[in-house]
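Enquirer: Next come the chains, spelled out residue by residue.
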Amino acid sequence: MEIVINGTAREVADDMSLDRAVELISSAATGIAAAVNGEVVRRGSWPSTRLASGDHVDVLTAVQGG
Amino acid sequence: MTEVQGDDPLVLGGQKFGSRLIMGTGGAPSLDVLGRALTASGTEVTTVAMRRIDPASPGSVLDLLAERGIKVLPNTAGCFTAAEAVRTARLAAEALATTWVKLEVIADEVTLLPDPVELLDAAERLVAEGFTVLPYTNDDPVLARRLEQAGCAAVMPLGAPIGSGLGIRNPHNIELMVQAASVPVILDAGVGTASDAAFAMELGCSAVLLATSVTRARDPELMAAAMRSAVIAGRLAFRAGRIPRRFYAVASSPPVTG
Numbered sequence: 000m001e002i003v004i005n006g007t008a009r010e011v012a013d014d015m016s017l018d019r020a021v022e023l024i025s026s027a028a029t030g031i032a033a034a035v036n037g038e039v040v041r042r043g044s045w046p047s048t049r050l051a052s053g054d055h056v057d058v059l060t061a062v063q064g065g
Numbered sequence: 000m001t002e003v004q005g006d007d008p009l010v011l012g013g014q015k016f017g018s019r020l021i022m023g024t025g026g027a028p029s030l031d032v033l034g035r036a037l038t039a040s041g042t043e044v045t046t047v048a049m050r051r052i053d054p055a056s057p058g059s060v061l062d063l064l065a066e067r068g069i070k071v072l073p074n075t076a077g078c079f080t081a082a083e084a085v086r087t088a089r090l091a092a093e094a095l096a097t098t099w100v101k102l103e104v105i106a107d108e109v110t111l112l113p114d115p116v117e118l119l120d121a122a123e124r125l126v127a128e129g130f131t132v133l134p135y136t137n138d139d140p141v142l143a144r145r146l147e148q149a150g151c152a153a154v155m156p157l158g159a160p161i162g163s164g165l166g167i168r169n170p171h172n173i174e175l176m177v178q179a180a181s182v183p184v185i186l187d188a189g190v191g192t193a194s195d196a197a198f199a200m201e202l203g204c205s206a207v208l209l210a211t212s213v214t215r216a217r218d219p220e221l222m223a224a225a226m227r228s229a230v231i232a233g234r235l236a237f238r239a240g241r242i243p244r245r246f247y248a249v250a251s252s253p254p255v256t257g
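Residue numbers (numbering that gives the first Met the number 0), protein chains in the order written: chain A, 0 to 65; chain B, 0 to 257.
Hints are computed from structural coordinates only; laboratory data are not their basis.
Heads up, a few of these hints could be off.
Straight-line Cα separation of at most 20 angstroms, SDA-like style, residue types lysine to any residue; simulated pairs [as the list claims (entries may be wrong)]:
{"#": "1", "chain 1": "B", "residue 1": "Lys-70", "chain 2": "A", "residue 2": "Trp-45"}
{"#": "2", "chain 1": "B", "residue 1": "Lys-70", "chain 2": "B", "residue 2": "Gly-26"}
{"#": "3", "chain 1": "B", "residue 1": "Lys-15", "chain 2": "B", "residue 2": "Gly-26"}
{"#": "4", "chain 1": "B", "residue 1": "Lys-15", "chain 2": "B", "residue 2": "Pro-183"}
{"#": "5", "chain 1": "B", "residue 1": "Lys-70", "chain 2": "B", "residue 2": "Ile-105"}
{"#": "6", "chain 1": "B", "residue 1": "Lys-70", "chain 2": "B", "residue 2": "Gln-14"}
{"#": "7", "chain 1": "B", "residue 1": "Lys-15", "chain 2": "B", "residue 2": "Thr-38"}
{"#": "8", "chain 1": "B", "residue 1": "Lys-70", "chain 2": "A", "residue 2": "Pro-46"}
{"#": "9", "chain 1": "B", "residue 1": "Lys-70", "chain 2": "A", "residue 2": "Thr-7"}
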C-alpha cells in the first residue's frame with residue numbers, strides 16, 4: 000500500500016504499524032513525535048497503530064527556532 | 000555581580016530561574032556558534048521549533064541543550080491557526096516530555112505579527128489541556144489581560160516585529176501591561192542591541208526573550224554576553240528606581256559659598 004511519510008509517498012507493507020513507519024525516518028529513542036493524518040499518536044501506542052493506504056504520517060523533532 | 004543582584008529570581012510557571020534572559024535558538028549559522036552563544040548568554044531556558052525530521056540534518060539542537068542543562072521551550076512557530084498551534088504543542092509535548100509551550104500564532108508571513116483571535120483561542124484550549132502557556136502577543140494591554148484571564152503563565156509582547164531589530168516601538172503599552180499584569184511580562188521580539196534589552200527591563204519586564212539579535216550579530220558569542228549584562232543592568236535599574244525627568248538642571252554639587 001502507499002502511505003505518505005513527511006510529505007513523500009512510499010510503498011510499504013499492508014497493515015504496517017506506526018512504529019515501523021517511524022523507523023523509516025528515525026531510530027531516535029527520544030525527542031521525536033508522530034502524527035497520523037494530523038492526530039498525535041503517543042509513542043506507547045505506535046506498535047498497535049495500524050496504518051491504512053493513503054495515511055499521512057508526520058515524524059517531527061525539535062530544530063533551531065524562535 | 001551576584002551579591003549586588005541579591006535573591007531576585009524569575010518565577011515562571013512555578014519554576015525559579017536565575018537568569019532573566021531567555022535566548023531562542025533560531026538563526027545561528029551553526030550549532031557550534033549557537034552553543035557558545037547560549038553559554039555566554041547565561042540563559043536557562045531556550046526555544047526550539049518543531050519540524051519534520053530531516054535525515055540529512057547534522058547534529059541535534061536537543062543534544063546541545065542537554066549538554067548545557069538548558070530547559071527546552073518548544074514554540075509553535077509557523078502556525079497560522081489555533082488548530083495548527085494546538086496540534087504542534089501536542090507534538091512538542093510528546094517529543095520533548097514538557098507541557099510548556101511558547102505559543103505563536105502568526106497572521107501573515109510579511110509581518111509575522113500575532114493573530115490575536117487565533118492566539119486567544121489556542122491559549123484557552125491549551126490551558127484547558129494542562130499546558131503552561133507562554134503566548135507571544137501583540138503589544139496590546141487589553142489582549143494581554145485576556146490572555147492572563149485565560150490562564151497563561153506569562154504574557155510575551157513584541158517590542159517590534161520578529162527579527163526586525165527595531166527595538167521597543169511602544170514602550171508605554173509595555174508599561175501599561177507591566178502595571179496591570181500579575182503574571183510575568185516578557186519582552187519577546189524586536190530587540191536589536193543591548194540597550195533595547197536593558198530598556199525592556201527598565202520598563203519593568205520580568206525577562207527578555209531574543210534570538211536574532213544574538214544569532215545574526217557579527218559575533219554572536221560577544222552579543223550574547225552583552226545581552227546578559229544588559230538584562231542584569233536593566234533589572235537592577237528598575238529595582239533601584241530611576242530619577243524623575245526634569246526640564247531644567249538640578250545641581251548635583253552644593254552651591255559655592257563665601
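Enquirer: B/Lys-70 and B/Ile-105 were given as a pair; does the straight-line alpha-carbon distance stay at or below 20 angstroms?
Expert: 24 angstroms, violated
Enquirer: Given the hinted pair B/Lys-70 and A/Thr-7, is their alpha-carbon gap at most 20 angstroms?
Expert: Roughly 33 angstroms separates the two Cα atoms, so the pair is violated.
Enquirer: What's the verdict on B/Lys-70 and A/Trp-45, does the C-alpha distance respect the 20 angstroms limit or exceed it?
Expert: 27 angstroms, violated
Enquirer: Holds or violated: are the alpha carbons of B/Lys-70 and B/Gln-14 at most 20 angstroms from each other?
Expert: Holds, because 11 angstroms separates the two Cα atoms, which is no more than 20 angstroms.
Enquirer: Is it true that the CA of B/Lys-70 sits at most 20 angstroms from the CA of A/Pro-46?
Expert: Judged against 20 angstroms, a Cα distance of about 30 angstroms means the pair is violated.
Enquirer: Verify the proposed pairing of B/Lys-70 with B/Gly-26, using a straight-line Cα cut of 20 angstroms.
Expert: Holds, at roughly 19 angstroms.
Enquirer: Would you mind confirming whether the straight-line C-alpha gap from B/Lys-15 to B/Pro-183 stays at or under 20 angstroms?
Expert: 12 angstroms, holds
Enquirer: Are the Cα atoms of B/Lys-15 and B/Gly-26 separated by 20 angstroms or less?
Expert: 27 angstroms, violated
Enquirer: B/Lys-15 and B/Thr-38 were given as a pair; does the straight-line alpha-carbon distance stay at or below 20 angstroms?
Expert: Satisfied, since the Cα-Cα distance of roughly 19 angstroms is no more than 20 angstroms.
When each numbered hint is compared with the structure, violations occur for hints 1, 3, 5, 8, 9.
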